[in-house]
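A.B. asks: Keeping their order, the protein sequence lines are chains Y and H.
Letter by letter, the first sequence follows residues 8 to 247 in the numbering used here.
Letter by letter, the second sequence follows residues 6 to 314 in the numbering used here.
A couple of the hints might just be wrong.
[Said to hold, decoys possible] Label-pair ranges, simulated between beta-carbon atoms:
1. 11/H - 16/Y: 47 to 57 Å
2. 184/Y - 72/H: 18 to 28 Å
3. 58/Y - 76/H: 48 to 58 Å
4. 123/H - 58/Y: 54 to 64 Å
5. 67/H - 231/Y: 32 to 42 Å
6. 247/Y - 181/H: 53 to 63 Å
7. 178/H - 16/Y: 47 to 57 Å
8. 40/H - 97/Y: 54 to 64 Å
9. 178/H - 180/Y: 55 to 65 Å
10. 97/Y - 182/H: 49 to 59 Å
11. 231/Y - 20/H: 31 to 41 Å
12. 182/H - 180/Y: 29 to 39 Å
13. 207/Y - 40/H: 56 to 66 Å
14. 40/H - 36/Y: 31 to 41 Å
Simulated from the structure, these hints should not be mistaken for laboratory data.
Glycine included, every Cβ here is placed at the ideal spot set by N, Cα and C.
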Amino acid sequence: MIAALAIARREFGSLFRLPVGWIVLALFAFLTGVVFVVSGLQPGVPATLRGVFSVSTVLVILIAPAVSMRLLSEEARTGTLEVVMSSPMSDLQLALGKYLAGMAFVLCMLAVMLVHAVVLRSVSSPRPDWGPIAAGVLSLLLLGSLCVSVGLLASSLTDSQTLAFLGTVLALVCWVLATNVLPGYVPAWLGASLSAASVSGRIDDFSRGVIDSEHVVFFVSVSGLFVCLTAVSLRVRRWL
Amino acid sequence: MIRVTDLHRWYGRTHAVRGVSFGLERGEVVGLLGPNGAGKSSTIRMIAGVLEPHGGRVILGDSDNSEHPRTARAVLGYLPESAAVYSEMSAEGYLLHRASVLGVPRRDRRSRVGSAMERCRVGSVAGTRCGALSKGFRQRVALAGAIVHDPAVLVLDEPTNGLDPNQLRDARSLIVELAQDRTVLICSHVLSEIERVCQRAVIIGGGRVLADASLASLRRSRGCIAECQGVSGLEIEGLSVASDRTEDGWTRLQVTGEADDLREVVGAALARRGAVVRELRDAAESLEDVFVRVLEESAGGREVGGGVS
Numbered sequence: 008m009i010a011a012l013a014i015a016r017r018e019f020g021s022l023f024r025l026p027v028g029w030i031v032l033a034l035f036a037f038l039t040g041v042v043f044v045v046s047g048l049q050p051g052v053p054a055t056l057r058g059v060f061s062v063s064t065v066l067v068i069l070i071a072p073a074v075s076m077r078l079l080s081e082e083a084r085t086g087t088l089e090v091v092m093s094s095p096m097s098d099l100q101l102a103l104g105k106y107l108a109g110m111a112f113v114l115c116m117l118a119v120m121l122v123h124a125v126v127l128r129s130v131s132s133p134r135p136d137w138g139p140i141a142a143g144v145l146s147l148l149l150l151g152s153l154c155v156s157v158g159l160l161a162s163s164l165t166d167s168q169t170l171a172f173l174g175t176v177l178a179l180v181c182w183v184l185a186t187n188v189l190p191g192y193v194p195a196w197l198g199a200s201l202s203a204a205s206v207s208g209r210i211d212d213f214s215r216g217v218i219d220s221e222h223v224v225f226f227v228s229v230s231g232l233f234v235c236l237t238a239v240s241l242r243v244r245r246w247l
Numbered sequence: 006m007i008r009v010t011d012l013h014r015w016y017g018r019t020h021a022v023r024g025v026s027f028g029l030e031r032g033e034v035v036g037l038l039g040p041n042g043a044g045k046s047s048t049i050r051m052i053a054g055v056l057e058p059h060g061g062r063v064i065l066g067d068s069d070n071s072e073h074p075r076t077a078r079a080v081l082g083y084l085p086e087s088a089a090v091y092s093e094m095s096a097e098g099y100l101l102h103r104a105s106v107l108g109v110p111r112r113d114r115r116s117r118v119g120s121a122m123e124r125c126r127v128g129s130v131a132g133t134r135c136g137a138l139s140k141g142f143r144q145r146v147a148l149a150g151a152i153v154h155d156p157a158v159l160v161l162d163e164p165t166n167g168l169d170p171n172q173l174r175d176a177r178s179l180i181v182e183l184a185q186d187r188t189v190l191i192c193s194h195v196l197s198e199i200e201r202v203c204q205r206a207v208i209i210g211g212g213r214v215l216a217d218a219s220l221a222s223l224r225r226s227r228g229c230i231a232e233c234q235g236v237s238g239l240e241i242e243g244l245s246v247a248s249d250r251t252e253d254g255w256t257r258l259q260v261t262g263e264a265d266d267l268r269e270v271v272g273a274a275l276a277r278r279g280a281v282v283r284e285l286r287d288a289a290e291s292l293e294d295v296f297v298r299v300l301e302e303s304a305g306g307r308e309v310g311g312g313v314s
């Protein structure tokens with residue numbers, strides 16, 4: 008676990024040693040800030056962050072692949088992966104370390120929401136309902152986790168960051184289509200199975216302030232699955 | 006410390022490594038030689054655990070690298086051909102990171118990193134971003150990263166690749182210094198480097214071990230050469246003497262015979278004749294000669310017998 012944390016610490020640090028980390032954070036803060044001011048800070052409207060969460064969901068789906076695309080592909084491109092793979096650590100530890108770094112970045116990104124919440128609390132009357140806000144932040148965190156883990160797997164499959172990014176976005180789009188659109192065109196039993204893997208339905212529940220443990224387990228399990236698949240992909244890389 | 010047994014590796018249908026076996030005892034410094042595509046880098050990568058062998062075993066210390074990879078790799082320091090380091094990190098930051106990944110206890114990390122930097126002489130660039138370092142310094146930082154946990158086994162893949170002559174000399178002396186208390190396997194194209202650093206060479210060709218012996222025993226004696234004046238028609242019992250003239254008028258004698266080193270016998274014979282000697286040297290094969298000869302012999306062997314191992 009120490010090795011995984013060391014990997015995570017370095018990777019997280021490197022995101023901030025390069026301009027890309029700061030640019031992504033600034034972009035996210037700016038866009039969500041604009042939406043917050045336009046939709047949340049108007050007289051007479053309910054004190055919620057619902058508008059911010061809607062935009063943030065799209066942003067997370069776009070930004071998480073941008074963060075995860077370099078996690079392993081950059082190491083493979085520069086040759087540092089060879090050094091890492093000769094270290095006394097398992098492939099799962101390596102994948103876990105990279106995932107934790109991606110998640111730490113998503114957490115930093117979502118920390119901007121704290122500012123929005125504090126501002127909302129100070130200007131609104133009655134006070135905002137904290138339940139939906141907490142559920143919304145949790146939904147973004149879980150969605151970020153899923154996107155980072157999918158991106159991590161894509162990053163382990165190629166030396167190109169661009170391909171990793173496009174692969175992740177494509178996989179996420181296919182997932183959304185397969186679980187939201189396809190069920191209407193396939194036999195009912197298959198449609199039900201596909202719908203069960205829907206992400207957007209679960210996110211909608213969170214946005215209504217419902218924290219369903221089944222949804223939490225779903226996101227955590229799928230993220231764990233993709234981290235494990237990344238470890239398998241690293242193992243296969245040793246065999247090829 | 007390193008035992009490689011019947012190692013195999015395929016890339017698609019290409020059988021790149023075909024039953025490679027050799028071993029390194031504690032404290033040995035061995036060169037792994039071979040032409041491009043011979044299977045050297047694949048062998049090195051399998052030893053380092055970066056690639057999984059498709060057949061055979063790699064034992065590092067007392068542990069099998071496939072069955073107990075973490076224990077096996079704990080004794081290993083590996084410098085890949087690219088000598089890659091994280092360009093956005095400082096040299097010291099990179100080494101601290103490597104120390105933590107390699108399992109150096111937190112309380113010892115600073116001292117180990119300091120010691121590695123001192124040995125590899127990178128203290129002057131400790132705070133410099135790796136991406137801003139010269140190739141020579143980057144190579145040194147990468148090497149420091151390979152020894153920061155004080156491994157018993159060091160595997161270096163082309164450690165002087167792309168260095169200028171000054172950097173090459175520095176790198177060579179550094180490797181010699183590091184080799185004093187470690188088992189070292191060096192894979193290199195630069196035969197003079199192997200000649201100066203290693204005691205033994207393993208020559209690989211076509212994925213097979215073609216030769217594995219000490220440098221001294223690999224070299225065939227070609228007698229000795231003397232440049233002298235005041236001697237003509239020299240005959241030494243049991244030896245064959247050929248003579249010709251150098252451009253500046255001295256006599257050059259090439260003496261050949263059964264013994265490995267003929268200098269003493271020839272020197273004594275010349276002294277008895279009162280010759281003035283300006284040079285007397287052993288004409289043993291260079292490692293380059295050995296390398297070419299072994300490859301040629303193996304090519305011949307394959308034509309005749311279908312493979313040399």
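A.B. asks: For a quick check of understanding: which of the numbered hints are violated here, in increasing order?
C.D. replies: Hints 1, 2, 6, 7, 8, 10, 12 and 14 are the ones this structure does not satisfy, whereas the remaining hints hold.
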